[in-house]
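Visitor: Just so you know, the protein sequences line up as chains A and P, in that order. Going by our numbering, the first sequence opens with residue 1, and the numbers climb by one from there. Going by our numbering, the second sequence opens with residue 1, and the numbers climb by one from there.
If you're looking for bench data, these hints aren't it; they were derived computationally from the structure. One or more of the hints may lead you astray.
If several chains are the same, the list does not tell them apart, and a pair holds so long as it fits within one copy or across any two.
Dumping the calculated DSS-like pairs for lysine-lysine here, alpha-carbon to alpha-carbon at most 27 Å [claimed, not checked]:
{"#": "1", "residue 1": "K82", "residue 2": "K211"}
{"#": "2", "residue 1": "K211", "residue 2": "K8"}
{"#": "3", "residue 1": "K106", "residue 2": "K82"}
{"#": "4", "residue 1": "K8", "residue 2": "K106"}
{"#": "5", "residue 1": "K8", "residue 2": "K82"}
2 protein chains.
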Amino acid sequence: METQHISKAVIQRLPRYYRYLGLLLEQGVERISSGELSRMMHVTASQIRQDFNHFGGFGQQGYGYNVSFLHQEFARLLGLDKEHYMIIIGAGNLGRALASYVLFEKRGFHVIGIFDHDRSLEGSLIRDIPVRMTDTLERFLAENRVDIAALTLPSSGANEVCPILTGSGIRAIWNFAHTDLDVPDHVIVENVHLSESLMQLSYRLNELEAKTL
Amino acid sequence: METQHISKAVIQRLPRYYRYLGLLLEQGVERISSGELSRMMHVTASQIRQDFNHFGGFGQQGYGYNVSFLHQEFARLLGLDKEHYMIIIGAGNLGRALASYVLFEKRGFHVIGIFDHDRSLEGSLIRDIPVRMTDTLERFLAENRVDIAALTLPSSGANEVCPILTGSGIRAIWNFAHTDLDVPDHVIVENVHLSESLMQLSYRLNELEAKTL
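The shape of chain A in the complex, shown without the other chains (with noise of 0.2 Å):
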């Protein structure tokens, strides 16, 4: 199956497919068709059998699509069937946040550091992983296998944090730091700016409210 030259817009809507068919599965759902996931996910059935090509078209459509193997297929491309080993850096409440979310765990992302600069976290625990100092970062990237940084600290600590990471062969970045990162051709970075998701709302409540006026 080809996966190279997926569009971004493509890629960010795998997730959501994958979610669905995951709702299916518990439903008990054995066959869906394009029209069917169409009216369920608000999507045109044309875009669902056009993302699908993509991966090779998934089966016959008149037929529908199998559910399990599809579900199987999506967790695959996403990665979800290897496990990822990833470390936050930022012990704040979005950092907890991240470290508590059950559901990564669930989908192999296993957190296995988190770091701060804060002294006084050192060693305090967030779901039983004892928060580190980041100036031991290096040594852990060194000693232990890590696939994602997670960054949930300030901007400026992120672009002080980022060579490191880079330097130590970290080739994922989950970035919520609200800067770009500054980094080699090679690595990834997935961004989460927080504000400006929602200033995005901003603009089209906004915009809502002067078709209204």
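Knowing the structure of chain A, use the given hints to seat chain P on it.
Guide: Showing chain P alone in chain A's frame:
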């Protein structure tokens, strides 16, 4: 200035322009060309001009853009010239993280209420805001102006609370629950699905590994 028919992709880019213009303002830069902005933001100058043209263009290109004016215009577009009153439903780590995010307050988003159904949290303070019980939500909405409701609770709870919100006239929901909310057409929902963001990162990491093997 016409703000109709702006695509979601353009709207998604607006907060980032606003952020970079803020950085330029801080650095005392008075004018900037689309070429300079392009190099700084790693997007093409033609995309910048195209995006800006949706909002009237913001001034002569050869001459460069007036940074302070542009910053102000983006703030207005994003509704940041207004005050917004927000409630948070779900007083777990993520709710606490949002309530404690000082940047939101600075941008005019005021958290005026935090709700949870856990009786043991009743009255406890998060950044001076007492946690209220979810069964008092409807009365609170009747007595207070609330523009935005942030949902930081599990999917089942989000689906239960949603009709109370929309029934009380809430028009903007910032949804962190791992579900698609069923809301009337006039209600805006901005989703932040953290596990889906992590899966996108995992997809790209998986893709990268397949290439380098």
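Visitor: Evaluate K82 and K211 at a C-alpha cut-off of 27 Å and name the case that applies: within, between, both or neither.
Guide: between (48 Å within a copy, 16 Å between copies)
Visitor: With identical chains, the pair K8 and K82 could be close in the same copy or across copies; at 27 Å between alpha carbons, which is it: within, between, both, or neither?
Guide: within (22 Å within a copy, 33 Å between copies)
Visitor: When no copy is named, should K211 and K8 be tagged within, between, both, or neither for a Cα gap of at most 27 Å?
Guide: Classified as between: cross-chain Cα gap 17 Å, same-chain 31 Å, threshold 27 Å.
Visitor: Could you place K106 and K82 in one of the four classes (within, between, both, neither) given a Cα distance threshold of 27 Å?
Guide: For K106 and K82, the Cα distance is within 27 Å only inside one copy (11 Å; across copies 41 Å).
Visitor: Cα distance capped at 27 Å. Does K8 pair with K106 within a copy, between copies, both, or neither?
Guide: Intra 25 Å, inter 32 Å, cutoff 27 Å: intra-copy only.
Of the numbered hints given earlier, the model fails none.
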